[in-house]
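*Asks:* So the chains spell out like this:
Number of protein chains: 2
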Amino acid sequence: AGGLTKLDRAVDLIVEMKNLSEVAVGLAYAALLFREKNVAAEVGVLEDRMDGMRYELEKWVLLSAKETEDPQRLLGLLHLATASENICDAAKEMAVIIEEDVQLHPVLAAALSQTDEVIIRATVRPGSEMMGNTLGRLSLETEAGMYVLAVRRGERWIYRPKADFMLLENDVLLASGPEEGGSGAVPTLWGRGGSGQLEVQ
Amino acid sequence: AGGLTKLDRAVDLIVEMKNLSEVAVGLAYAALLFREKNVAAEVGVLEDRMDGMRYELEKWVLLSAKETEDPQRLLGLLHLATASENICDAAKEMAVIIEEDVQLHPVLAAALSQTDEVIIRATVRPGSEMMGNTLGRLSLETEAGMYVLAVRRGERWIYRPKADFMLLENDVLLASGPEEGGSGAVPTLWGRGGSGQLEVQ
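Heads up: the sequence lines are chains A and B, in that order. In this text, residue positions in the first sequence follow the UniProt record's numbering: the first is 1, and each later residue adds one. In this text, residue positions in the second sequence follow the UniProt record's numbering: the first is 1, and each later residue adds one.
Think of the hints as simulated: they come from the structure by calculation, not from any bench. Do not take every clue at face value.
Where chain A lies over chain B, by a calculated footprint (3+ residues, C-beta under 8 Å) [as the list claims (entries may be wrong)]:
#, stretch
1, 25 to 33
2, 65 to 72
3, 85 to 99
Every residue gets a Cβ at the ideal spot worked out from N, C-alpha and C, and that includes glycine.
Take these sequences, add in the hints, and give me the full structure.
*Replies:* Here it is as structure tokens:
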């Protein structure tokens, strides 16, 4: 029945590990910036999953090596996996200070607002173009380079929402993307229709 | 004469460290994907600079602590610096396999083309809208979320080109941004005018 080869499995894992490492870093910055303990905890969850995925990846790489001409060429996969795991560990180390209830100096938010890539938080207001629209239709990524890391709906957090995720009134989005000095894509986008409340930090 | 406070200096360093860590990761993926030894070497350069910046940052944080009420609140700055440095180390570890001339299995490029964020390489062709235009005017970041990591002009590499950087014929760009399955922003953008050759990997 066809089925995935060992290398296919390794590739699937690497893809997911790289994605998770980037999400973990974004969530860690968001947790720091907005003092969100739930978000910080999610970074810990991702870091745990990453450890398991790395062992799994190494297993598939070694099984593939047995069948591959010049198995040294698989070295890149191991290095990518290590990098993703280390990046996730770095994210965890940032997030942990939120979990531990340390008060943060406002200078931290000032610093995080001046970087090339920033984290924003936006609330979906009634009448906003965002309301009742899916993330895919809003084209946040392709039109403004904003990657939606998480959405809070009431008390619940949804992490890595998919393209078909529909936004409802009062949803709170955390997203990462390019900084444009407050005058570029971010306000334009979130403020489209004049009602997407925005809080760029 | 006014001048920067100790905390200002710490913030400037943190901002630059966070930016460099993200560039280093992007360059490391680009180096792997396109087997660019010069790019891999630049990741090593960034990692060296990062070490120095971290000591500098720690110095300014400690000097600030002496003058700050509840200096524990500065802990976030130290953790951010550690995270940036660790992320840069992870990038270095990926890039190093290119410097060492290991052959890479094509499955690696396949994996890196399936992630949420991808690295692209584009050449500026005569007649392309990109030619003679600055990066700022092209609005790559705000319109498509593409961050230009580096430009190769002849034999020379320019890393982290600024908004006023003007593209010339045959410049080769390395950029990172959201993956859209080959049908989204990237081809639209780079192919605007039908002549910006694109190679998405």
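*Asks:* Now look at each hint and say whether the structure bears it out.
*Replies:* Checked hints:
1. Taking a C-beta to C-beta cut-off of 8 Å, the stretch 25 to 33 of chain B contributes 3 residues in contact with chain A, enough for the three needed, and the coverage statement holds.
2. Taking a C-beta to C-beta cut-off of 8 Å, the stretch 65 to 72 of chain B contributes 3 residues in contact with chain A, enough for the three needed, and the coverage statement holds.
3. Evaluation of the coverage hint for the stretch 85 to 99 of chain B: fulfilled, as 9 residues show C-beta separations to chain A shorter than 8 Å, against a requirement of three.
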